[in-house]
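Peer 1: Build out the structure end to end from the sequences listed, making use of the hints.
Here the protein sequences come in this chain order: A and B.
Numbering-wise, numbering that gives the first Met the number 0 puts 209 at position 210 of the first sequence, and it's gapless, one number per residue.
Numbering-wise, numbering that gives the first Met the number 0 puts 180 at position 181 of the second sequence, and it's gapless, one number per residue.
Please note that the accuracy of each hint is not assured.
Said to hold, decoys possible - Quick list of in silico lysine-lysine cross-link-like pairs, BS3-like style, CA-CA up to 30 angstroms:
| no. | chain 1 | residue 1 | chain 2 | residue 2 |
| --- | --- | --- | --- | --- |
| 1 | A | K260 | B | K10 |
| 2 | B | K8 | A | K254 |
| 3 | A | K260 | B | K8 |
| 4 | A | K254 | B | K59 |
Hint data in this document are derived by calculation from the structure and do not stem from the laboratory.
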Amino acid sequence: MTIQTTRPPETSAPIANSLTAGRLPKSAPWTILVAAIAVAAAVFGVVAIGSGSGYNWGGALFIGALLYIPAIWLFSMLVEGRRRAMDRLVTALVTGAFLLAMIPLVSLAITVVSLGAARFDADFFTMSMRNVTGEGGGALHAIIGTLLMTGAAAVISIPIGLMTSIYLVEYGRGRLARGVTFLVDVMTGIPSIVAGLFAYSLFAIFLGPGTRTGIAGAVALSLLMIPVVVRSSEEMLRLVPNELREAAFALGVPKWLTIVKVVLPTSIAGITTGIMLSIARVIGETAPLLIAAGFTASVNYNLFDGRMQSLPVFVYTQYANQGNPPEEYINRAWAAALTLILIVMALNLIARLVARFFAPKFGR
Amino acid sequence: MTSAPAPIKAKLRIGDLVFSRSAVFAGSMILVTLAAVALFLIVQSIPAVVATNEDASILKTNFWDYVGPLVFGTVWAATLALVVALPISIGIALFISHYAPRRLASVLGYIVDLLAAVPSVVFGLWGIGVFAPALVDAYAWLNENLGWIPLFSGTPSATGRTILTAALVLAVMVLPIMTAICREVFLQTPVLHEEAALALGATRWEMIRTAVLPFGRSGIISASVLGLGRALGETMAVAMVLSASPVITFQLLTSVNPNTIAANIALSFPEAYGLNVNVLIATGLILFVVTFAVNAFARWIVSRRKEFSGAN
Chain A
0 MTIQTTRPPE TSAPIANSLT AGRLPKSAPW TILVAAIAVA AAVFGVVAIG
50 SGSGYNWGGA LFIGALLYIP AIWLFSMLVE GRRRAMDRLV TALVTGAFLL
100 AMIPLVSLAI TVVSLGAARF DADFFTMSMR NVTGEGGGAL HAIIGTLLMT
150 GAAAVISIPI GLMTSIYLVE YGRGRLARGV TFLVDVMTGI PSIVAGLFAY
200 SLFAIFLGPG TRTGIAGAVA LSLLMIPVVV RSSEEMLRLV PNELREAAFA
250 LGVPKWLTIV KVVLPTSIAG ITTGIMLSIA RVIGETAPLL IAAGFTASVN
300 YNLFDGRMQS LPVFVYTQYA NQGNPPEEYI NRAWAAALTL ILIVMALNLI
350 ARLVARFFAP KFGR
Chain B
0 MTSAPAPIKA KLRIGDLVFS RSAVFAGSMI LVTLAAVALF LIVQSIPAVV
50 ATNEDASILK TNFWDYVGPL VFGTVWAATL ALVVALPISI GIALFISHYA
100 PRRLASVLGY IVDLLAAVPS VVFGLWGIGV FAPALVDAYA WLNENLGWIP
150 LFSGTPSATG RTILTAALVL AVMVLPIMTA ICREVFLQTP VLHEEAALAL
200 GATRWEMIRT AVLPFGRSGI ISASVLGLGR ALGETMAVAM VLSASPVITF
250 QLLTSVNPNT IAANIALSFP EAYGLNVNVL IATGLILFVV TFAVNAFARW
300 IVSRRKEFSG AN
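Peer 2: If you want it as structure tokens, here you go:
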């Protein structure tokens, strides 16, 4: 026996859905966007033919996207009314703001890779600029200087920064702690060039004017690095649950051992991430090193004697003191910029990976 | 009758003592360092403030005439950068916190943070090699059509290396920090406020206007002040992009532009000798005082509204 189902009779005409009435169709924004870009492209085409110059693709896209904003507002105003039109307008503006910020990032990435590739070769990493004019030469001295000075800055800043954050989280009470928190915040905003001037005048007072050494550069960098280390480590130490500390105290573990054996191991991943990010921040600093460490064309392994070149300063000096032929100098500057960006990106990436894979696992 | 038991004294351990003392020492090092920065800069600056053009070749008349245009240029460039960057960073922050698909939001935030990772010298190289030439036509157009506005008057620069270009590069550089702070505050808006607005029939924009923006106001203020502090002290990008001369002018598009303190130090310091060094350090001290005041103001706003904003 078969079950017979009765079906409602087919309506001849679909009922207008009251929920979507008075709304633009879902595809409308995209249609309007394509139309706006097409109009802009056509106008630019006429201009290009009229003036006989090349076609400006970037300009057409930009003006087209700009045209979309009043267009979507107008259409929405006609169909959906004032309130929804405003909503659409703001959506367009907000998305536009994000895309606008992407323009410099994309342009920068393309430029650095395409121009930096010209001299991104073995010579660049195995030769210094000693006795080089014009063609050839490399940034070996700058890479060595960057590693030495950043390393020295890290050796100075990590203990001070870490101990300060331990002080703020575990010991700090009262006015000193409040003052330190405030000054660390303010220190984050010290202009990098002022850090360079400080390091210069510090060494100038004790060693005579005109002294420029690697260690002065390292002091300047550590002035910029300490607040970043303090902030990030402090945040990580505060994340350690108080129950862990209390459990250790209940077992009779002294406070300092609790910090060393319980608190620090729990937060070590976050602290490592913060330290790597702070290194990534100072490794690209130019102005303080230009002031405090100067620049040179030769390899210098000694932090305490003589000027020291670094990668960012190498970029600047290659650009600022162009010789003959100038393209060689510009190409070296871009290759050094590419190297610098690769180092910074690698540090950032490793820091994120450390944070992800070595983070303590709370719960199951 | 029982007497209260004597309080148990904690055992004094050498390890504890050493550890806590070194923590306090490290904390006070911050105080000492900042005091030392101020002290050394002041000591080196004193001879410069009273110097005249007979003592230091860098001066035309006296110190204050030298530093005036520099202070103006610094504040002017930073203000322009802030005016450009503030609406854009609020827009980006809203896009990431309330408009972008949830799954993409954190990735998009990371992409904006990438801008902060680019060293300033690379921004300078890009600004002079790519950005400034690209703007020359736009400047000519602005000058032709809007030249009646005093800001756009004068003869437009043929290289594009104007104060407006420098301010735009600065705006790009302060975008990430401002966006990050705004985003954090917007994300902390109580979800109940947002849902209440939506349930009353508000569109997304009306919800943002009535719930998110009032909640994030102090965050937006502190973001803009911190951005201003960054823009005031930024050195290399301005030093490379701007073609500067010691003038005070509001014209944005000409090839005669005021310099900023930081850029002037970077450009003049390597060749400076004798009292000129002190003059430059004195200008650096002025920059230090200005940024210190700006940052302290920003932190004060944040701490005043800490329980609401959390943007610190």
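Peer 1: Take the hints in turn and mark each one as holding or not.
Peer 2: So, going through the hints one by one against the coordinates:
1. With a C-alpha separation of about 19 angstroms, the suggested pair A/K260 and B/K10 falls inside the 30 angstroms cut-off, and the hint holds.
2. The hinted pair formed by B/K8 and A/K254 meets the criterion: a straight-line CA distance of about 15 angstroms does not exceed 30 angstroms.
3. Distance restraint check for A/K260 and B/K8: the Cα-Cα separation of roughly 24 angstroms lies within the 30 angstroms cut-off, and the hinted pair is therefore satisfied.
4. With a C-alpha separation of about 62 angstroms, the suggested pairing of A/K254 with B/K59 is violated against the 30 angstroms cut-off.
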